[in-house]
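Protein chains: 2
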Amino acid sequence: MEYSNSSNTEQPQTCLEITMEVHRVVPPPHKSTIHKLKTTLKETFFPDDPLRQFKGQPTGKKWILAAQYIFPILQWGPHYSLGLFKSDIVAGLTIASLAIPQGISYAKLANLPPIVGLYSSFVPPLVYAVLGSSRDLAVGPVSIASLILGSMLRQEVSPVSDPVLFLQLAFTTTFFAGLFQASLGFLRLGFIIDFLSKATLIGFMAGAAIIVSLQQLKSLLGITHFTTKMGLVPVLSSVFHNTEEWSWQTILMGFCFLVFLLVARHVSMKRPKLFWVSAGAPLVSVILSTLLVFAFKAQHHGISIIGKLQEGLNPPSWNMLQFRGSHLGLSIKTGLVTGIISLTEGIAVGRTFAALKNYKVDGNKEMMAIGLMNMVGSSTSCYITTGAFSRSAVNHNAGAKSAVSNIVMSITVMVTLLFLMPLFQYTPNVVLGAIIVSAVVGLIDIPAACQIWKIDKFDFIVMLCAFFGVIFISVQDGLAMAVGMSIFKILLQITRPKTVMLGNIPGTDIFRDLHHYKESMKIPGFLILSIEAPINFANSTYLNERWIEEYEAEDHKKQSSLQFVVLVMSAVSAIDTSGVSIFKELKKTVEKKGAELVLVNPLGEVMEKLQKSDEAGDFMRPDCLFLTVGEAVATLTATIKSQVSNHVV
Amino acid sequence: MEYSNSSNTEQPQTCLEITMEVHRVVPPPHKSTIHKLKTTLKETFFPDDPLRQFKGQPTGKKWILAAQYIFPILQWGPHYSLGLFKSDIVAGLTIASLAIPQGISYAKLANLPPIVGLYSSFVPPLVYAVLGSSRDLAVGPVSIASLILGSMLRQEVSPVSDPVLFLQLAFTTTFFAGLFQASLGFLRLGFIIDFLSKATLIGFMAGAAIIVSLQQLKSLLGITHFTTKMGLVPVLSSVFHNTEEWSWQTILMGFCFLVFLLVARHVSMKRPKLFWVSAGAPLVSVILSTLLVFAFKAQHHGISIIGKLQEGLNPPSWNMLQFRGSHLGLSIKTGLVTGIISLTEGIAVGRTFAALKNYKVDGNKEMMAIGLMNMVGSSTSCYITTGAFSRSAVNHNAGAKSAVSNIVMSITVMVTLLFLMPLFQYTPNVVLGAIIVSAVVGLIDIPAACQIWKIDKFDFIVMLCAFFGVIFISVQDGLAMAVGMSIFKILLQITRPKTVMLGNIPGTDIFRDLHHYKESMKIPGFLILSIEAPINFANSTYLNERWIEEYEAEDHKKQSSLQFVVLVMSAVSAIDTSGVSIFKELKKTVEKKGAELVLVNPLGEVMEKLQKSDEAGDFMRPDCLFLTVGEAVATLTATIKSQVSNHVV
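Chains as they are written, first to last, in the UniProt record's numbering: chain D, 1 to 649; chain H, 1 to 649.
Any given hint could be a false lead.
Any copy, or any two copies together, can satisfy a pair, since identical chains are not distinguished.
[To be verified] Okay, derived cross-link-like pairs now, PhoX-like style, lysine-lysine, Cα gap no bigger than 25 Å in a straight line:
id, residue 1, residue 2
1, 270, 498
2, 61, 36
3, 38, 498
4, 333, 357
5, 62, 498
6, 360, 61
7, 612, 457
8, 86, 42
9, 36, 457
10, 333, 587
11, 38, 454
12, 55, 587
Quick caveat, the hints were computed from the structure, so don't treat them as lab data.
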């Protein structure tokens, strides 16, 4: 064994003949730096090993597999049958009836012309049907991304006084969002969205739902002079300073339709088979309210209507993308934020339904699909789209079997765009407001919040932080605060890792936490510490001071008896240069106190680094290195006894 | 046992009579939320338990202890003896001979009048002697903090065209640096400086040393029109575009003194007993060069001199602190950066020498001392000071016994300020440049860099990043980049934690990494995975996909035999809500594949959270929960066998 050299030259204090059979710690198999780098890169970027299926295939087959990887439609398309198509038609028509009113509403939420919402429900679903791998995702504009896009762009450009520039910026933002999403997927950096923890998302979504609902007070109350700000305080003050603008006709109509929509939603939630009740309710509301307005000429009685909408399919918009000028920074920033938010929603929705139906969605692949969809969208007059949670749930419940339901929806929207636009002329804005409110109410997930409170108090604080940050400061700051706090929590955990004092469970060679397993007992003369974190620059100082402290607390009671400090390294998965130097210092400190430092079960990487830093071979002396605590204690106890008996002889 | 309820009501597939003696996993002792919060706060902010010494003392004694805690001089003062004083006088005079020329030089580095450097070597050491707990720290201005202060302030204010404002900002910055340092100590946030890892510091210091040396080319070559920028490229281009300004007299003089200083430094490094050679060399250089200039009237032959310096002690400067106006942000930012950098140096130096002499320096206490010292300094015409590495080493080698050596140095500087200032009038700037260069050369630590390369390649990249960032971009950006990369590395480690497949070492019940211990063997029907990280939002998705993947890789080979997925949780020190929900999903996935999920040795906190989230009690069923892998495998194997034999019967 390569460590035995040093113990031959320098006979250590306790290294007498060890007769007991112990299992030696062996050095890990040698790996070159290149090999290690390769492993690390693979683990970081290709944990899912997407090229595995290509291994050992003939070249022709490889091309087919590659084409199928890029265009999943080639994978399921050939097996598509009439039976599946029937299911998809029903699902597609159902989500179209939801997508049309929601598209119009969400475009208004983003301060864009209502027609852009319909454009965005036509092209992106077609692109996704070709590229996407989820069978349940219903693609289109979503509330939160629309809200963020609208509010961030409005900070610099007014959608009222400069609508063309605003539209240009919206398309440019969509392009950058798509580019960013596709790059994340292509560079296999999909794990970045994992940094939005569940707690952050729940708080954020609830806050955003409230902000979105507050914005709807404008249409629900019929106010004409409304604040352009988003926060709770300015909106409420604007609402109550304009009470003279409230229109009772609007309020009455809004209230009735809101109640209708919420009841429909409630029915569908109680009985998932009645999914069509909530799915159809928005379209029914739009038709009903439009007829009412048309019949009573209500637009002359204080009820504001959408007005004339242009007929025809998406005009090209690549000439509207702005890659220079003073607003470029704003477009990029907004693109980043909306891109990551919509990606999170899309991936989460895709994964949820994939898990339900037991198929797999490749996160990085999905990111590329969603990103390309937005890049194509940005040049065909669409703003940012993703997989929407509510519509995907309806799609799933309606029995969608494949992405064909998206194609059906898309064709329905196309027909609407071509022929049915004049019908929406008299649709009242108040109904669109009610549709938005009833859609976002579902984003407030109180049971999940309670569950978080029960499990983890710090996560709950992160959640509140996201929630109140979004409500009182701004959507993006609230999100940033919550992400910052989540990361800070992890860093704090690393800065203050646990070290646990172990004791022996009587009658066994098992060693466990003294505080947890009350029957476990200290071994006289031993201080056995288990370190439960990687050791790095952020915690090495703390760990060093901690060991000495535990040590002194121990020392205090039994002045002279401490002979061995046993460090259990099973949980130390990594170490860096600061950590290594702390080990050296620790060894000195322990030896100054007349005791010896013993390591138990250091893992491969840690062992290698300690060994490299340690020319004298002190850490790797076989009498200071054991595979289990039990063996370490047994061997060292035997050593002490033989020393004592030698002394007596 | 409280978990047995559920296993009674619902007889699980494998829960037959278990006759073998196994050690049950017990729930951790109950702790209230308040108690947990208290423990967490204590661990985060009071890991060193500074109030421990107060426990059980009478009130009078407590007051004395408190006074001694705040003013350590009360602790060692009463025992101070003449013998100690003799050592301190020698050490104090030695560091004074170093501090006077360095003070003048560093003040010039910070674009401040030379006299401010002497002022800063007078008041702060006195304050530190009363408040500080290190016996070896020699306090005064230091090169890197001076450089950063000068370069950051010069970005907005010119020290040439607006010297008064520049001085005001320097004092204000010092005040904020002190306030920040004292607050960090008072709020017990000292661990923040731990985020500057060893690798970052080595790269940063080497880069800063080069930047500082480059700045000295101005005095060393006698150039009058020098760039105001710091980077390598602008400085070198400025040097080589002004070759006509080079003065051969200056270059000759500078070269001679630089060689003298470097030789002196080399001698002292080879023989630590000859510390006084390098300690005295700067003063000797100053005296010699001043005499030479005076004798040959060299100031008229192209050698620039300091010029007239004002006599007298520090004037008060609290009226110069600027707490409003357009430059407040700059002062605060510069204060933060210089504060944290000088704190890092001071604490590191204090700890190094405390470890050598085996006494303890309380980090948070030291931060308060250094912070208060800078706050007092800022109102007595001093700029930012800390414990300087080179001077402290000289102090230590000269035999300093206590902070009295700082007092001696301070008095020597006072005498200089009162009576000896005219002597410096003819001191040439070129000698000051040579003194700085010879002082900062020691900051380039090539052996340490090699060691880092050997141990950890990523740390080496962080180091290079800090180094080149400082040289080519800017001092503060280089530092920020390196800190960012270090934190990113930790986050990456968390995002991609290790999961290790375990196998049995034949003839034992020890289970270890299959890749590391080649003799270990897989157990048929079992997939045993050890998770080596806390599970949280950043890695739960990865872990989930990883498990399934390992699982499928296993499944692929032995289609039907996999019966148990055993997760060894010994190293999972924490879990959050995202982690908990991943466990639930995992259980479902495993069960879908017809196998069972078994947990081994979950730690207290993890167990508690799994239990809370899990109304059905599935995770806590005693037949799915074991204390060691060996027992789990033995028990479950016995269960399978008895099932099979039952079937046969």
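Which numbered conditions among the earlier hints are violated in the structure presented, ordered from lowest to highest? Checked against the structure, the hints that fail are numbers 1, 2, 4, 5, 8, 10 and 12, while the rest are satisfied.
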